[in-house]
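Using numbering that gives the first Met the number 0, the final residue of the sequence shown is 149, and nothing's skipped along the way.
Think of the hints as simulated: they come from the structure by calculation, not from any bench. There may be inaccurate statements among the hints.
As the list claims (entries may be wrong) - Each pair of labels, with its calculated beta carbon distance range:
(1) VAL67 - GLY45: 31 to 41 angstroms
(2) THR41 - ALA101: 31 to 41 angstroms
(3) ALA101 - THR39: 15 to 25 angstroms
(4) ASP134 - VAL67: 18 to 28 angstroms
(5) GLY114 - SER89: 25 to 35 angstroms
(6) ALA61 - ARG138: 29 to 39 angstroms
(7) THR41 - ARG138: 15 to 25 angstroms
(8) GLU113 - VAL56: 19 to 29 angstroms
(9) VAL103 - ARG57: 16 to 26 angstroms
These numbers were taken from a predicted model, which means no experiment stands behind them. Idealized CB from N, CA, C, for every residue including glycine.
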Amino acid sequence: MKSKGLFFLIVLWFFTAGWPGRLSAQAPANQDPALLIGLTLTELVGRFGTPKAVYPVRGMAAWQDDVVFTYDSGEFYIYGNRVWQLKLPSAYGVKTGDPRGAVVRIQGEGKDFEGYTLFQLPSKVWPLILRVNWDASNRVSGIFIYRSDF
């Protein structure tokens, strides 16, 4: 697995170094962030440029391992050749630090779990979930959008 990861990072570096036609690393404010789910690596790098950082995230099983591209606008979780999850500082009227009550007023009631709440988003090509993580004082500590069929 180590050699595959190193190979991937070398190919990624070669692929993204000096990439022509980079766009701003900020997503348009009026764009639905869920539209970024499903971007290929070529589309992601073409749109946002070379990531500020790239790091691995281990899953419970090998098939759950991800590579995360970090940009100013958020973190993009990659599996295979596509974005399957986003971590954003704000989305759908919710931002990091918001109190739980404000989120419920905006999103309605979600499905609560220990430390987070899930909200169903309108499906695009695949079903989508908004996950809001809570800190000890019931304020938003993380905002994720992901494919729920993944």
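Results of checking the hints against the structure:
no.: 1; hint: VAL67 - GLY45: 31 to 41 angstroms; result: violated, 18 angstroms
no.: 2; hint: THR41 - ALA101: 31 to 41 angstroms; result: holds, 38 angstroms
no.: 3; hint: ALA101 - THR39: 15 to 25 angstroms; result: violated, 35 angstroms
no.: 4; hint: ASP134 - VAL67: 18 to 28 angstroms; result: holds, 21 angstroms
no.: 5; hint: GLY114 - SER89: 25 to 35 angstroms; result: violated, 20 angstroms
no.: 6; hint: ALA61 - ARG138: 29 to 39 angstroms; result: holds, 34 angstroms
no.: 7; hint: THR41 - ARG138: 15 to 25 angstroms; result: violated, 37 angstroms
no.: 8; hint: GLU113 - VAL56: 19 to 29 angstroms; result: holds, 20 angstroms
no.: 9; hint: VAL103 - ARG57: 16 to 26 angstroms; result: violated, 33 angstroms
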